[in-house]
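The task is simple: from the sequences and hints, build the whole structure.
Chains as they are written, first to last, in the working numbering: chain A, 1 to 295; chain B, 1001 to 1375; chain C, 2001 to 2375; chain D, 3001 to 3408; chain E, 4001 to 4259.
Calculated directly from the structure, the hints in this document are not laboratory data.
Only a predicted model underlies this, so the values are computations on that prediction, with no experimental measurement involved.
Glycine is no exception: its CB is placed at the ideal position from the N, C-alpha and C atoms.
Watch out, some of these pointers could steer you wrong.
The following residues of chain C were derived to be distant from chain E, with all beta-carbon distances above 10 Å [to be verified]:
1) Leu2025
2) Ile2056
3) Gln2112
4) Gly2116
5) Leu2180
6) Thr2253
7) Gly2257
8) Pro2269
9) Gln2273
10) Leu2275
11) Leu2296
12) Pro2297
13) Ala2300
14) Val2312
15) Met2315
16) Thr2373
In silico contact screen, one side only, chain D against chain E (beta carbon under 7 Å); selected entries [as the list claims (entries may be wrong)]:
17) Gly3013
18) Gly3014
19) His3017
20) Lys3018
21) Glu3039
22) Met3041
23) Gly3042
24) Lys3049
25) Gly3056
26) Gln3232
27) Pro3234
28) Val3237
29) Val3238
30) Arg3252
31) Asp3259
Here are the computed lysine-lysine pairs in the DSS-like style, where the Cα-Cα straight-line distance is at most 25 Å [stated by the list, open to error]:
32) Lys4086/E - Lys282/A
33) Lys193/A - Lys1102/B
34) Lys3276/D - Lys3345/D
35) Lys1120/B - Lys2018/C
36) Lys193/A - Lys4246/E
37) Lys4246/E - Lys2133/C
38) Lys1102/B - Lys1120/B
Here is what each chain is made of, one letter per residue.
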Amino acid sequence: MYENRRIGFLFVLPFVLGVLGFKLFPFVMSFALSFTQYDVFSPPEFIGLQNYVELATQDRMFRKSLGVTLLFVVLAVPLRVGFALFIAHVLNFKLRGINFFRSAFYLPSILGGSIAVAVLWRFIFSQHGLVNSLLVRAGFEPILWLADEHYAIWTIVTLFTWQFGSSMVIFLAALQNVPQSLYEAAEIDGASKWQQFTRITVPLITPVIFFNLIMQMVHGFQEFNGPYMVTEGGPLHATYVLSLYIYEECFKYFNLGYGAALSWVMFALIGALSAFSFWSSKYWVFYAGEKEARQ
Amino acid sequence: MAQLSLKKIEKTYPNGFKAVHGVDLEVRDGEFMVFVGPSGCAKSTLLRMVAGLESISGGELAIGGRVVNQLPAKQRGIAMVFQNYALYPHMTVFDNLAFGLKLAGTPRAEIQARVGEAAKLLEMEHLLERYPKQLSGGQAQRVAVGRAIVKRPGVFLFDEPLSNLDAKLRASMRARLTDLHRTLRESGRPSTVVYVTHDQVEAMTMGERICVLKDGTIQQVDTPAVLYERPANAFVAGFIGSPEMNLHAVQVTTDGGALSWGGLTLPLPVSRQALLHSRAGRQVILGLRPEHLGALPTHAGAVPLPGTLRFVENMGSEVFVHADIGGLPFTARIAPDVLGDLAGKNRGDGHVFHLQAAALHLFDADSGVNLCTLH
Amino acid sequence: MAQLSLKKIEKTYPNGFKAVHGVDLEVRDGEFMVFVGPSGCAKSTLLRMVAGLESISGGELAIGGRVVNQLPAKQRGIAMVFQNYALYPHMTVFDNLAFGLKLAGTPRAEIQARVGEAAKLLEMEHLLERYPKQLSGGQAQRVAVGRAIVKRPGVFLFDEPLSNLDAKLRASMRARLTDLHRTLRESGRPSTVVYVTHDQVEAMTMGERICVLKDGTIQQVDTPAVLYERPANAFVAGFIGSPEMNLHAVQVTTDGGALSWGGLTLPLPVSRQALLHSRAGRQVILGLRPEHLGALPTHAGAVPLPGTLRFVENMGSEVFVHADIGGLPFTARIAPDVLGDLAGKNRGDGHVFHLQAAALHLFDADSGVNLCTLH
Amino acid sequence: AEPVTLRFLWWGGGDRHKRTLAAIAAFEARNPGVRIRAEYMGSVGYLEKLTMQMVGGTEPDLMQINWAWLNMFSRHGNGFLDLGTQREALALDEFSDEDLRICTVGGKLNGLPVSYTARIFLWNSASFGRAGLPVPTTWDELFAAGEPFGRALGERAYPIDGEIYDMLLLAQAYVFQQHGSPYVHPSEPRVAMSAAALLDWVKTYKRLFTSRAATPVPYRASLGGAEKPLEQQPDWVVGRWGGTYTWDTVLRSRLSTLDAQQKLDVGPFLTLPGAKNSGMFGRPTALFAISKRTRHPALAARFLNFLLADPGAARLLGLTRGVPSAASAYRVLDEARLLPALELKAYRQIAAQREAGRIDLPSMRFEDARFRRFLREIFELLGYDRISESDAARRLMDDGNALLARIK
Amino acid sequence: MMLYPILWLVGASFKSNAEIFSEIGFWPSRFDIAAYVKGWKTSSEYTFATYFLNSFLIVVPRIVVTVISCVLVAYAFARWEFPGRKFLFSVMVTTIMLPHIILRIPQYLMFKEFGWLDGYLPLIVPSAFATDTFFVFMLVQFLRAIPRDMEEAAIIDGCNPLQLLLYVIVPLLKPAIVSVIVFQFIWTMNDFMGPLIYLSSVEKYPVSLALKMTMGATEEVEWASAIAISVVALIPSVAVFFAAQKHFIEGATSSGIKG
Ligand SMILES: Nc1ncnc2c1ncn2[C@@H]1O[C@H](COP(=O)(O)OP(=O)(O)OP(=O)(O)O)[C@@H](O)[C@H]1O
Ligand SMILES: Nc1ncnc2c1ncn2[C@@H]1O[C@H](COP(=O)(O)OP(=O)(O)OP(=O)(O)O)[C@@H](O)[C@H]1O
Ligand SMILES: [Mg+2]
Ligand SMILES: [Mg+2]
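Here it is in structure tokens:
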């Protein structure tokens, strides 16, 4: 029945219309803008590839922020996804008061970018903050987290990781689809809880792990709140991620053409990484509902 | 040492349903115990409790002399074949079989060898690279059996492991499993087996003892022969044997020397009369195995009873004859060569059947207890 | 009108495995057709193709005279019981049963009535409020059957619908399903049934015709009696009947009048001799049903053959005797009362068995074709 | 008849909203048939929103903008309605010539200033009291205060605090006084300081930290950067930091979080002996501008005039947008004693310098976002000792010129 | 660590300005709900009752259309075979990847052309066309992990594609759908930029805008009431999460069929 082409298409129709109606024009326009010089207030002026050329050859800031962004993604995404998966797994046990903990773990994500987060993060990472007092107690030198070029990235990485709630919720939902009987079989096979987790749970929810990885990678590349509110890209641009750069180009310096070019470069980057992930997913993602198993 | 000992085991499901009511059972080390009972009588539940998959609501479960109520499944030294297979969908057949061994840190070569051996035993060497969803029902079931076998545990729990196999394959599996059990015992590493089945043949041929369950209580535990010949009560009598025993409530004559129903009178052998003295004029349940009802007077002492033919099922090697005798439905199991003139008769035709009264069972009308085996 | 017609049906799975090789089959309107065959022979695959769940790789499938290769499942007017039940986990048993009716817009009262009826038929009225995960294996299977029954479709497809039931329940289900089929036919609304089973008794008693499959090809389609008595080839002969037919490759004597193996010579009845003329001195396959091998010379014309006892399985109503005769393993099926002195013997003891040579089957050694039924 | 509706957009806090709404009500009462649709919000996102509206041509009739935004929204003076066309409705004589001049781009009056602000010194006199030091009145006293202040109040205590940008302005004030020239030429896109002056600027900036007078850059950054205003800093709240160099308009908010032991005061503007310029850095706070697309220019102008120069409105609005630039409004507040002492003190200090002509109007380019980033970058490097003083001075010259040429 | 921000927020809503910024602890020195009352009243013409109502006027329709459109589209991608499926799927994933900031101006201009400015339509209508591709992708992945057995049974039972979706797929997908609802609720409640750009009239402001409405750059802020009201603003999100969580941990298939 699923072969009926017309019906399938009918179901995607909203999306097709949505893309055409709401995404295509902005997309095309932003792409077009990337070949112009456009300061918002006077009409865009076509300058060919100049934006891209400048970005590739002269823009030190671009290179710097690209490096920062990559570092951030490499650190923060696996941490967030890993953490979310682990906590989801723990929270999936039917224990007393577990509801409370689930909510507690989701709270940071509800807070989003509210003022409390910025204030709190300062309390935690300032020179006399929580982290440092722990360090000092453990006999280490305190670190100027927010002011040290090498450590500042960790403050926003931690913040990003800390707001793992949404990924966690998605994992929690995914865990429900793992049949109980498989855990029983594994238990009989002598698998420890941990082995059940790595050998049964993880493979069976790879579609969702994959989803979270891709999405968090996208979010990681586009992460804005942390660097914007907590470190403001500093110190010495150590946390000056691409999205912050793009934001400033667009809405502080009104250099929309250049901002668009930056965006499309970032887009190409994410796209390439995602394409790679999709390609690799053939080898590690298991779809139980797919007509065909892997060969 | 892996004897099982169940003491007053109870199970209440979270929805309040009490599935097991105080089961007491000893399974000796290396014994092959078969569980039978109607669908829903808690066979799987008991197995799952032994395995440690279902919490025990009451009583004490010991394996090898050690109380394991609180012990996690993986420390109980068991292997289990699940009724629904529970194969790992993301692993090939090979990996499904090898999983337990890998976890136990078995060396690669040994895993290869043991999986190969099991695959051969179960005739599925050509399936090792497949994924579960590429298997037929029977193939999946064999994989589930294989997964238990490769582990060589102290206790095997089988939950209807052959129900999806065809008769031929099932017969060969049956023989192989029995062989395996025997070989292990002879090699000094006996495995205790608890085996749930619905198949009469499996139950009768594989089990050293059979445990008959009903509604979460044990009805009788004994060797197959005893169960067949001396069922403890009408339930066991009706449950063991196929086609099932003819069971009907009938009247004891006032002198206690015969049974009567539908205008017929069935004189009883003297041995049986003694049992019915106290029940003269009351009701008892008559039990008669189909093979003790014949179409011809081939047996001495058989009582002729007139009946009406309902229908005939020809199994090839034997014939099941369904007839009304004195208004009650009876089934007879007759070899094709002793059908006599019954062979040509049709529905509604009359025929005189021959009942071997000496093989008759009698059960209490209320409790169902077998009067013949009472002392 | 719901006859099924399969013409050169083929199925190749996406992984390249060819499961069905050109199957031709006509199932008449209202007929009860049973599919049997070894595990993995494509019974489920065929059923799923008829149902419209699996695409048809080649050939033509017609229901009620209309080619339905491209017709969606729900327009084919079928109901199906799945081998793995496939109950809706989020619905109660009642809703599982009622779902199809609700979709069809059946009035509430009627749904109630039909579900109630099916529940009664399947002895599961007390389960209607449960969720699938609260059911035992057999209970789940009954729900699956019920889901098909309530729909009263033109074609029923049953995939091993009773495999998880105990013998007693299975016997009663068997009778009820047969009854249901008959009632429908008599009421003028015949349902065509295709019924997959591994159970010999089910196959023999329920099927009006049986289709024996092997590796995706049809071996023989005929009534149960014909299949049992005149199997088309050694495969069918071995597959139908339990315990299975003794099948062994043996030598035809140079005069073509007898068979010989392991130093024994078995003279053949004249009727059989004619078949072997051309094969004098060559090999054929001997086929002997267990019931045609006795412990006592009860039958005229039985040929005495010395053997060695291997083991005995006592089924209560009958005994399976396994013995070596001329170095080949044979199984005999003997009523307990005609065991004679065999009853007291042990493994390794000698005994003279009596083979009813007139009941012998002979098959071509290469093709397995039954020589007795060849013309 | 349909009432005429004007849209009016501003940002601000609670008090500003309330008072502005009251003023609007007063205006509506006085002009039946006119409805002012108030569109107000916090400062976060204001620029983004306004930008969208300007791009989309959907901006309100009257809007509050920052002076520095003129350079973006109205580079050639055509971004907003030329108020010169609405002279009848406007009491332009209420504003000083300078005020009008700084709101004029390309000869067109793009808006009218609400108030004027300049950088001043705020001191926590209680802190200095505890440290046993007088509140600094000269540069030398400030530089000298570092060590004893720290000794007395602890190593986290500094006489003056500021974020990088505050500190570079502070140092610029010093150099301005010393050399008589601001960094960027007031009207031309080029660096105005001499190379020597630039070097002095850099040196003075560094001296702020070496003398321990100001919070070190890394430490300050470790507490949260530029967007974390001083009043949210614990060190400020409890008086470990003795003062700050800031706009007079934020005086109230700086004061608002101080705990009960602290006392805020406006100090004299530190001035070098023989200074060539006051060194004070001042400019209009916000402007009110009228959309060039408005359908009711005259009415919008009248409303604008009402807000800035109407005595009644002045009384209603009070100090919510700073001390009014319009003379009559100031008089009303002054007479009604609506000006708190501290504000008044700051105002007088600034007004005195303005009237003396000792505050040069800064170049709008100096406040250009990109230029600010450039400055921050250099001075951050300096604060982290990542660049030598001479290199910094040279970059301020060369890169500064290049950037100024680019942003024009 | 996880709860600290909330405790701090609640504590801070009772503190004085000085306490808020100098004390790391969350225990205030006094309890006084004045800040809540004040925060609720706001300094605008409307109380927070209006802003909450506005938020719900955006959130509720948006959730409804999101769930409907995303489930439909996910169903098509995960189960149906139609021409261009792969291509459209990659288009969908792709649209997630372009930084949204760059789309802001084009989108604004587009909605201006539609005449939708200063209304809720720009915030709701795109969701009706499954443009929240995050959710579509998520549902697709979930669906692909669910075996088809039940669907086959339903097909035999006579389900048409829509009934199949409604009666079988949706219940099985319930955990995922509930998370979609929770996310959409919380994200929309928190969304600041969307309403900021598209809404001009104060009476149409949702909570997220209203919260920051009193944060002028220069004026003094009554932090206690600002924080108090942001605590109140969190309540719906927390409540929704709390109410929903039992659904996304009790999937229909949660323990599957045992027997
Ligand atoms: N999770 C559960 N909640 C409530 N009742 C349950 C649950 N699981 C099983 N039951 C009930 O407990 C009884 C015993 O179930 P069990 O699965 O042990 O039966 P069984 O003997 O294995 O039957 P079958 O031969 O059909 O597999 C049944 O009546 C069943 O409906
Ligand atoms: N999706 C699939 N991909 C590849 N091979 C398959 C797939 N499904 C089934 N097969 C193979 O096709 C053959 C026929 O399978 P089918 O399920 O029809 O067998 P069956 O006759 O029903 O067996 P059983 O009695 O064990 O249920 C088997 O060998 C099986 O392994
Ligand atoms: Mg069971
Ligand atoms: Mg099958």
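Quick rundown of the hints versus the structure:
| no. | hint | verdict |
| --- | --- | --- |
| 1 | Leu2025 | holds, 21 Å |
| 2 | Ile2056 | holds, 16 Å |
| 3 | Gln2112 | holds, 18 Å |
| 4 | Gly2116 | holds, 19 Å |
| 5 | Leu2180 | holds, 19 Å |
| 6 | Thr2253 | holds, 56 Å |
| 7 | Gly2257 | holds, 58 Å |
| 8 | Pro2269 | holds, 52 Å |
| 9 | Gln2273 | holds, 54 Å |
| 10 | Leu2275 | holds, 48 Å |
| 11 | Leu2296 | holds, 47 Å |
| 12 | Pro2297 | holds, 50 Å |
| 13 | Ala2300 | holds, 52 Å |
| 14 | Val2312 | holds, 35 Å |
| 15 | Met2315 | holds, 28 Å |
| 16 | Thr2373 | holds, 39 Å |
| 17 | Gly3013 | holds, 3 Å |
| 18 | Gly3014 | holds, 3 Å |
| 19 | His3017 | holds, 5 Å |
| 20 | Lys3018 | holds, 5 Å |
| 21 | Glu3039 | holds, 5 Å |
| 22 | Met3041 | holds, 5 Å |
| 23 | Gly3042 | holds, 4 Å |
| 24 | Lys3049 | holds, 5 Å |
| 25 | Gly3056 | holds, 5 Å |
| 26 | Gln3232 | holds, 5 Å |
| 27 | Pro3234 | holds, 4 Å |
| 28 | Val3237 | holds, 4 Å |
| 29 | Val3238 | holds, 5 Å |
| 30 | Arg3252 | holds, 5 Å |
| 31 | Asp3259 | holds, 4 Å |
| 32 | Lys4086/E - Lys282/A | holds, 14 Å |
| 33 | Lys193/A - Lys1102/B | holds, 15 Å |
| 34 | Lys3276/D - Lys3345/D | holds, 24 Å |
| 35 | Lys1120/B - Lys2018/C | holds, 23 Å |
| 36 | Lys193/A - Lys4246/E | holds, 23 Å |
| 37 | Lys4246/E - Lys2133/C | holds, 19 Å |
| 38 | Lys1102/B - Lys1120/B | holds, 20 Å |
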